[in-house]
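Engineer: We have chain B; now place chain X onto it with these hints.
Keeping their order, the protein sequence lines are chains B and X.
In terms of this note's numbering, the first sequence has 229 at position 246, counting the first letter as 1, and numbering is strictly consecutive.
Numbers in this note's numbering are just positions in the second sequence, counted from 1, shifted up by 13.
In short, the hints are calculated from the structure, not lab data.
Any given hint could turn out to be false.
Under the rule of at most 30 Å between Cα atoms (straight-line distance), these lysine-lysine pairs were calculated in the BS3-like manner [to be verified]: (1) X:Lys206 / X:Lys176; (2) B:Lys22 / X:Lys206; (3) B:Lys285 / B:Lys22; (4) X:Lys143 / B:Lys22; (5) X:Lys143 / X:Lys176; (6) B:Lys(-14) / B:Lys22.
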Amino acid sequence: MTKMTYRDAIRSALREALRTDPRVFLMGEDVGGYGGAFKVSYGLLEEFGPDRVRDTPLSENTFLGAGIGAALGGMRPIVEIMTVNFSLLALDQIVNNAATLRHMSGGQLSVPLVVRMTTGGGRQLAAQHSHSLEGWFAHIPGIKVVVPAVAADARGLVLAALRDPDPVFVFEHATLYPVEGEVDEQAGPADLGRALVRRPGDAVSLITYGGTLGTVLHAADELARDGVEAEVIDLRTLRPLDTETILASVAKTHRAVIVDEGWRTCSFAAEVSARIMEGGFYSLDAPVARVCSAEVPMPYAKHMEDAALPQAPAIVAAVREMLVAHG
Amino acid sequence: MIDRVHALVLLRQMMLIRRFEEKAAELYTLGKIRGFLHLYIGEEAVAVGAMQALTPEDGIVATYREHGQALARGIPAGVLMAEMFGKASGCSRGRGGSMHFFDVSRRFYGGHAIVGGGLPVAVGLALADKLQARARITACFFGDGAVAEGEFHESLNLAALWKLPVLFLCENNLYAMGTALARHQAQPDIRRKADGYGMAAAVADGMDVLAVEDAAREAAAHVRRGDGPFLLELQTYRFRAHSTADPELYRGKEEVAMWRRRDPIVLFTSRLQAMGLLAEADVASLQRAVDGEVDEAVRLADAGPWESVEDLTRHVYAEMP
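Same shape as in the complex, but just chain X:
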């Protein structure tokens, strides 16, 4: 049985991410957003589903494709858009851009653009919690590409060895940039990597938001119980190119079309409609709401101030009183 109110929250968050990303792509072509832009379109169910298992006290470490996680965590869209515009009103004062969102008040620790580089940091955040006997966990998002990095293996080993409260969330979208999983992994079954570290693991359909939520809740419960870290693989697909610089020579249109038929928003909408939990009018009203929220985000970002160039060298070191 699906709770209607909760279902609408999930759907709205996924729709907000989708709209935010479409708008970001549009603003990129207009030159409002520069640098790299890695869109999350197609993967919304992963961030939204997984975030349901976390409390506001839990820590989050994400990758350079983190707009979805940041929005699902509740960082206001306008602050994120302002960051991509390079404004001082952005969540990282315009110093990070699309790949480096930070919000310490929400325990959102980036925004890491070195593949695998966030995992050791997540392990350390969890170590700090364990040493200070705090009942919270750290969720660490990373992609299938990170599985080839030494930091992935070292981090799983250390977290398991020290029984640290880390929830490892592998967003397997089948491609490490342009290299398919089977072309970079001798053992492409990512869940099985956990076996080597004696770590519990599971896999879930990353296009089904409820499946992600259920799996994440179970995995998080395991971690909260003190049973050690958990590796949850979420199988998903990005509908857009890797980044704005990617001509997509490595995958066929048929494959993309096949995955698009499993669009997480369409799947969830149809399911709710079939169950009589969602009317056409509800969808239209949600769409209007998220369109309005994204438009307002763009307005706020546009109105935000630029940081003064005199401040260039601030925040390299702590400012002494």
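So here's chain B without its partners, still in its complex pose:
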């Protein structure tokens, strides 16, 4: 085990893939000469050269589509999109091509493409660089969506994405890049599609993913001081969703609070809530609760942004309220 940042863990996966598979190449805006907007690909251009670490023009739709074409042509492209908001410029290629080509061709085509992008707020970047739209992507059959929350998963899920024969979207919460964690660089790919219990408990299931895992664990510690042991589930993959792990936890705790940095309306939290209703209704002692972002475009001012994002006190309050009303 090595202590390394989330950023370095992703780079470790990219470097391993570039070293071991000649079909792998990386392309995106400023991934080469600049070293990556978030320094994830720093040093890779020098190590692997401009054919395999390719700076692109600011043409998200086209370099993503070129990734699809290159995947069809036998390569294993990794496309980096600087932020999730920019990925909206590539939605045509994502939704109309990456997600459809296998099915629409009757199973003839395979698009083994990995798309990485940053997501989420918390850095005072306002309403065009801060949203959490991974729930939208999880709506689309034909693609897979992974949301690593810790450094080991950042490495393991990128490796898993590269091994997958279908398009996999990796959402990297931007506040996680400098966060350190224990990483086994000898470990292979993580188990794509499996959620993990990050903290066992029996009083309530706190279900989350990505950038809010830390906040949720913090809230769980706070609750433990009152003797409330919360179980924390890290979804890790939004599509395919590990419903089994969610329902097993709810069957044990009888209560669920879902924490999701997306907006509440039509959020991924809504999907998780529906799955609990469908599969765990009779084990519930209380209505499922959600803690999501406020329904506003992300504001710039720090105190306003903090107020818009899910914070530990709101999670603690949601649990306490649930215990008081349905204890």
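Structural biologist: The following block gives chain X in isolation, referenced to the frame of chain B:
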């Protein structure tokens, strides 16, 4: 000098496409084919001429008006007809229909119904070839409507920037659905768009199959030499409506009649006859042959199986062993 054998191949392919499309229109009215049906009648010389410049190893990306390209590529008519019938024996197992023909064994990558959406994919196929040092090119068909899309400009830029082996083939039939070229382009001279990307370009008469073939061969040779991508504009006209849902309110009968006088099949037939390369009997025999081929295609499509509904969710993701 025109080689007679080659000329007959070209003529037969154009006649096959024409007959296939007429039959498809008829079957649409009978309800055998549903969804949208975009006919290629009038534009046959473009697909047939351009395809002569490609080898079986080259890749092809086409649009939702791709029956002509698919037939010219050699995908059997029966498999294409079955696809339009929605049969499991169709080239996309009935999941694509008229707008989404695929045949990976012939490197035919669709069948794209988002205008401009095929261009980035073609750029990527060419990038894969370049990275793997494979000596083949990717031909990308699109219409004049696509020229207004960002993907057109982004794709030309990226292909030129990276000197990728893409042959961009613009089928300019003068209308983006119902909007005339001059009503949607500030600069309607499509060839000149390539200038902005430092890309070589040419224009050819898309109603003259030999002119298309010559221009496509030259353009493909440029791409194969490693001189970068090429934009070839082929000026053509669709004789039928945009799709089965189009009442054609946007163009006059005189204009259509004028273009019909330049029917690519009639033009080529007359030319070959004037040169003494084609007798009336040859035309009749070709017609019988393509009529028979299309009838057989319909028979095969009719006889083809429906996919089981249990298979609905197959092929969304790879099937793990």
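Engineer: Which hint numbers does the structure go against, in order from smallest to largest?
Structural biologist: 2
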